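Peer 1: Each chain, letter by letter, is given below.
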Amino acid sequence: AQSVSQHNHHVILSEAASLELGCNYSYGGTVNLFWYVQYPGQHLQLLLKYFSGDPLVKGIKGFEAEFIKSKFSFNLRKPSVQWSDTAEYFCAVEGKSGNKLVFGAGTILRVKS
Amino acid sequence: GAVVSQHPSWVICKSGTSVKIECRSLDFQATTMFWYRQFPKQSLMLMATSNEGSKATYEQGVEKDKFLINHASLTLSTLTVTSAHPEDSSFYICSARDQGGGTDTQYFGPGTRLTVL
Chain F
1 AQSVSQHNHH VILSEAASLE LGCNYSYGGT VNLFWYVQYP GQHLQLLLKY
51 FSGDPLVKGI KGFEAEFIKS KFSFNLRKPS VQWSDTAEYF CAVEGKSGNK
101 LVFGAGTILR VKS
Chain X
114 GAVVSQHPSW VICKSGTSVK IECRSLDFQA TTMFWYRQFP KQSLMLMATS
164 NEGSKATYEQ GVEKDKFLIN HASLTLSTLT VTSAHPEDSS FYICSARDQG
214 GGTDTQYFGP GTRLTVL
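So the protein lines, in turn, are chains F and X. Sequential numbering of the first sequence, starting at 1, is according to the numbering used here. Sequential numbering of the second sequence, starting at 114, is according to the numbering used here.
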């Protein structure tokens, strides 16, 4: 069965600090990978996705993620966070042969101004 | 990006009544929509996959007779919580799969907060 593990449930950073949120998945096949963000009071929005090709994926708002196949990881990064990045971040995986997204538990990021 | 709407955004009902939640893809057609449930401080759990013109596929442990799903058109799926009880109180989120123009991405609705008294 597919599973997604996000290492930290809560992260607190100061503005301008660098961010890395860990995501590891378990799946017996090739996958599509996603990061979604949920700002307070808003719905889930797609940050970035990886289907194939360059394992370093750039998304919106300065976020990027790197797919490392050997480590089954898809960590999210941002070099310098802003207060407006305060949100909950979800990693998700989908098998290429199926169409179901499996979500991690989420990481709540709080950026102090 | 594509837009998915849900209606209502919140609903309070008495135990034993039924509640219908609508999910619409506003600017694309979606042959596949998904219904999720999100408990407080937890992740989204897939309840069912809704396929236009056919029966929904339910995840293990989800009662299909309690959570009725209808996907009658390419832009609308409905979830009806029948004979709701307090334990059904939750945040229900739908998503719609956009496979047009070479893309293949799920877009999420804003969610519906259901409170059963």
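Quick caveat, the hints were computed from the structure, so don't treat them as lab data. The model shown is predicted, which means the values in this text are computed figures rather than measured ones. It is possible that part of the hints are untrue.
Mimicking SDA-like on lysine to any residue, the simulated pairs with C-alpha atoms at most 20 Å apart in a straight line are [to be verified]:
no., chain 1, residue 1, chain 2, residue 2
1, F, K96, X, T130
2, F, K49, X, E165
3, X, K154, F, S3
4, F, K100, X, Q142
5, X, K154, F, K49
6, X, K177, X, T216
7, F, K49, F, E15
8, F, K96, X, D201
9, F, K100, X, G129
10, X, K133, X, T145
11, F, K58, X, Q155
12, F, K96, X, E172
13, F, K49, X, D201
14, F, K61, X, T162
15, F, K96, X, Q155
16, F, K100, X, S167
17, X, K177, X, M158
18, X, K154, F, Q82
19, X, K168, X, Q142
20, F, K100, X, T216
21, X, K154, F, T86
22, X, K154, F, H43
23, F, K100, X, T130
24, F, K100, X, K133
25, X, K154, F, K58
26, X, K177, X, S167
27, F, K58, X, E176
28, F, K58, X, G215
29, F, K100, X, T162
30, F, K96, X, K177
31, X, K177, X, T130
32, X, K154, F, N99
Peer 1: Next, verify each hint and record whether it holds.
Peer 2: Cross-check of the supplied hints:
1. K96/F to T130/X: violated (39 Å)
2. K49/F to E165/X: Answer violated: K49/F to E165/X is near 25 Å, above 20 Å.
3. K154/X to S3/F: OK: K154/X and S3/F at ~18 Å, within 20 Å.
4. K100/F to Q142/X: Satisfied, since the Cα-Cα distance of roughly 18 Å is no more than 20 Å.
5. K154/X to K49/F: Roughly 24 Å between the alpha carbons, so the hint for K154/X and K49/F is violated.
6. K177/X to T216/X: violated (30 Å)
7. K49/F to E15/F: violated (25 Å)
8. K96/F to D201/X: Given pair K96/F, D201/X is violated - Cα atoms ~32 Å apart, limit 20 Å.
9. K100/F to G129/X: Distance of about 31 Å is beyond 20 Å: violated.
10. K133/X to T145/X: holds (19 Å)
11. K58/F to Q155/X: Given that 20 Å is the threshold and the Cα spacing comes to 27 Å, the pair is violated.
12. K96/F to E172/X: Roughly 18 Å between the alpha carbons, so the hint for K96/F and E172/X holds.
13. K49/F to D201/X: violated (32 Å)
14. K61/F to T162/X: violated (30 Å)
15. K96/F to Q155/X: Since the Cα atoms of K96/F and Q155/X sit roughly 25 Å apart, the hinted pair is violated (cutoff 20 Å).
16. K100/F to S167/X: holds (17 Å)
17. K177/X to M158/X: Cα-Cα ~15 Å, so holds.
18. K154/X to Q82/F: Since the Cα atoms of K154/X and Q82/F sit roughly 23 Å apart, the hinted pair is violated (cutoff 20 Å).
19. K168/X to Q142/X: Since the Cα atoms of K168/X and Q142/X sit roughly 18 Å apart, the hinted pair holds (cutoff 20 Å).
20. K100/F to T216/X: holds (16 Å)
21. K154/X to T86/F: Roughly 16 Å separates the two Cα atoms, so the pair holds.
22. K154/X to H43/F: Between K154/X and H43/F the Cα gap is close to 15 Å, so the pair holds against 20 Å.
23. K100/F to T130/X: violated (30 Å)
24. K100/F to K133/X: violated (23 Å)
25. K154/X to K58/F: Answer violated: K154/X to K58/F is near 28 Å, above 20 Å.
26. K177/X to S167/X: holds (14 Å)
27. K58/F to E176/X: violated (40 Å)
28. K58/F to G215/X: At roughly 18 Å apart (the allowed maximum being 20 Å), G215/X and K58/F satisfy the hint.
29. K100/F to T162/X: Holds, at about 8 Å.
30. K96/F to K177/X: The hint is violated at about 26 Å.
31. K177/X to T130/X: The given pair, whose Cα atoms are some 17 Å apart, holds under the 20 Å limit.
32. K154/X to N99/F: Violated. K154/X to N99/F sits at ~25 Å, over the 20 Å cutoff.
Violation of the numbered hints given earlier is confined to hints 1, 2, 5, 6, 7, 8, 9, 11, 13, 14, 15, 18, 23, 24, 25, 27, 30, 32; the remaining hints are satisfied by the structure.
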